[in-house]
Amino acid sequence: MQYKDYYKIMGLSRNTSQDEIKRAYRKLARKYHPDVSKEKDAEAKFKELGEAYEVLKDPEKRAAYDQLGANWKAGQDFRPPPNWNEGFEFKGGGFTSDEERAYSDFFEQLFGHSGFRPGDKGQYGLHARGQDSHAKIYIDLEDSFNGATRNISLSTPEMNAQGQVQIKHRNLNIKIPKGIKPGQHIRLTGQGSPGSGTGQPGDLFLEIAFNNHPFYRVSETDVYLDLPVTPWEAALGAKIKVPTPNGSVDLKIPANSRQGSKLRLTGRGLPAQVPGDFYVVLQIALPQANTEQAKAVYKNMQKEFTFNPRQALGI
Amino acid sequence: MSPHDLSLVHTGTVIEEDSLTLAQLCRACDVHADWIISIVEESIIEPQGENSRLWRFSGASMRRARTALRLQRDLGINLAGIALALDLLEELESLRKQIKTLEHI
Chain F
24 MQYKDYYKIM GLSRNTSQDE IKRAYRKLAR KYHPDVSKEK DAEAKFKELG EAYEVLKDPE
84 KRAAYDQLGA NWKAGQDFRP PPNWNEGFEF KGGGFTSDEE RAYSDFFEQL FGHSGFRPGD
144 KGQYGLHARG QDSHAKIYID LEDSFNGATR NISLSTPEMN AQGQVQIKHR NLNIKIPKGI
204 KPGQHIRLTG QGSPGSGTGQ PGDLFLEIAF NNHPFYRVSE TDVYLDLPVT PWEAALGAKI
264 KVPTPNGSVD LKIPANSRQG SKLRLTGRGL PAQVPGDFYV VLQIALPQAN TEQAKAVYKN
324 MQKEFTFNPR QALGI
Chain P
164 MSPHDLSLVH TGTVIEEDSL TLAQLCRACD VHADWIISIV EESIIEPQGE NSRLWRFSGA
224 SMRRARTALR LQRDLGINLA GIALALDLLE ELESLRKQIK TLEHI
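First to last, the sequence lines map onto chains F and P. Take the first sequence: its letter number 19 is residue 42 in our numbering, and every next letter is one higher. Take the second sequence: its letter number 44 is residue 207 in our numbering, and every next letter is one higher.
No wet-lab data here; the hints were simulated from the structure. Where hints are given, some of them may not hold.
Cut-off 20 Å, straight-line C-alpha distance, at most; resulting in silico cross-link-like pairs (DMTMM-like, lysine to aspartate or glutamate) [as the list claims (entries may be wrong)]: (1) Lys201/F <-> Asp181/P; (2) Lys198/F <-> Asp166/F; (3) Lys159/F <-> Glu266/P; (4) Lys45/F <-> Asp237/P; (5) Lys260/P <-> Glu62/F; (6) Lys54/F <-> Glu213/P; (7) Lys204/F <-> Asp237/P; (8) Lys204/F <-> Glu253/P; (9) Lys61/F <-> Asp181/P; (10) Lys285/F <-> Glu266/P; (11) Lys54/F <-> Glu256/P.
Sample of chain F residues at the chain P side, in silico, Cβ under 10 Å [claimed, not checked]: (12) Leu195; (13) Pro200; (14) Ile231.
All C-beta atoms in this analysis are idealised placements derived from N, C-alpha and C, irrespective of residue type, glycine included.
Given these sequences and hints, build the entire structure.
And the structure:
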């Protein structure tokens, strides 16, 4: 078991006042809250912070922690000295939190198991409906276009008969309905937590997200593709084969198309109830002047065009 | 798990097409109806339907309600603050998406 330096986690010194601890927590909680933060591993940091605050905000727990001594280093192998908590009485100040929190082994060794209260199950009676559970799943764009069956694996923390938290893994085959959008939810009746007694199991809610696609982008029900074209295709117009998620199509590029022009294929986006559109965004690719012949063509263009792309800049 | 279970395919309902009642939303968030009513009154989420018995909630509402709950529990923000935070977070998310799209061009 590794020693945890709760002061270091909160960026505080050992003689910080209780008020300062609270202020520091507020500030860090806002910074690392997983709903708000874009920091990497915000969730892990937020949990660690919550645990540190759980101890330091409570003068009794803090005093008990302090008397372990200041010579421990974070990550050092730790065993609590015998009778380390003699004379401390924990009134369970922070232990009544509603949430199922998973604290570190270090915390539980010192302050006991606190995430689940033994009385919790009782509050709903003996025959209670199980809780609903939530998960986010990632699917491919093609799954929404064609409909699909996907095998997903879910891990759920569950409490066993001894009151220990164990991670339970299970696999489910899920039907992905055609036309589903990112951010939509699928509800699976009876696939949540088991009920107690004769109570029904809860439901499982799956939030849909899309894996990044190598060349398509999705916005609501619309799908975007950056399409490289040659300067002459853009200038003279052309008929080009374009890939779409449900097969390639022939696209007519109008003459005098510009860089970044958007061409719309109505109804070829996600096949939702109101189907989205497919947008082709033109990207003009320049051939390199790396042969004498190519250079001659560019020089000829230079001679033949009177073209100033910087006209709008007034020079 | 037996091989029989593996071949079973679960078909769910899409919430956006079959939205949630007040009772279903309460269970999904594990909260009392009072709390949901208070966030509707703060217009943090906006159900369809005239009164609470006819209310229907979208999947987006469920996501907002669950985020609101976490913000309230973890950061101690009041409902007015949560409403503001959620709106700003959504705006931020849509701006980030736009940046991602623009970076491609």
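### Message
Checking one constraint from the list: CA of Lys159/F to CA of Glu266/P, max 20 Å. Satisfied?
### Response
violated, 26 Å
### Message
A closest beta-carbon separation below 10 Å is what the hint needs, so does Ile231/F meet it against chain P?
### Response
Holds: closest Cβ of chain P sits about 9 Å from Ile231/F, inside 10 Å.
### Message
Please check whether Leu195/F passes as an interface residue: C-beta within 10 Å of a C-beta belonging to chain P.
### Response
holds, 6 Å
### Message
With the threshold set at 20 Å, check whether the alpha-carbon distance from Lys204/F to Asp237/P stays at or below it.
### Response
Answer violated: Lys204/F to Asp237/P is near 30 Å, above 20 Å.
### Message
Would the hint linking Lys54/F and Glu213/P be met if the CA-CA limit is 20 Å?
### Response
violated, 39 Å
### Query
Lys45/F and Asp237/P: Cα distance at most 20 Å?
Status holds; Cα separation ~13 Å.
### Query
Are the Cα positions of Lys204/F and Glu253/P separated by 20 Å at most?
holds, 17 Å
### Query
Is it true that the CA of Lys260/P sits at most 20 Å from the CA of Glu62/F?
Given pair Lys260/P, Glu62/F holds - Cα atoms ~17 Å apart, limit 20 Å.
### Message
Please verify whether Lys54/F and Glu256/P have alpha carbons no more than 20 Å apart.
### Response
holds, 17 Å
### Task
Please verify that hint: Pro200/F, Cβ, nearest Cβ of chain P, below 10 Å or not.
Holds. Min distance 6 Å.
### Message
So if I understand the rule, the pair passes when the alpha-carbon distance is 20 Å or less; does Lys285/F with Glu266/P pass?
### Response
Status holds; Cα separation ~16 Å.
### Message
For Lys61/F and Asp181/P, compute the direct alpha-carbon distance and say whether it is at most 20 Å.
### Response
violated, 32 Å
Checked against the numbered hints above, the structure violates hints 3, 6, 7 and 9; every other hint is satisfied.
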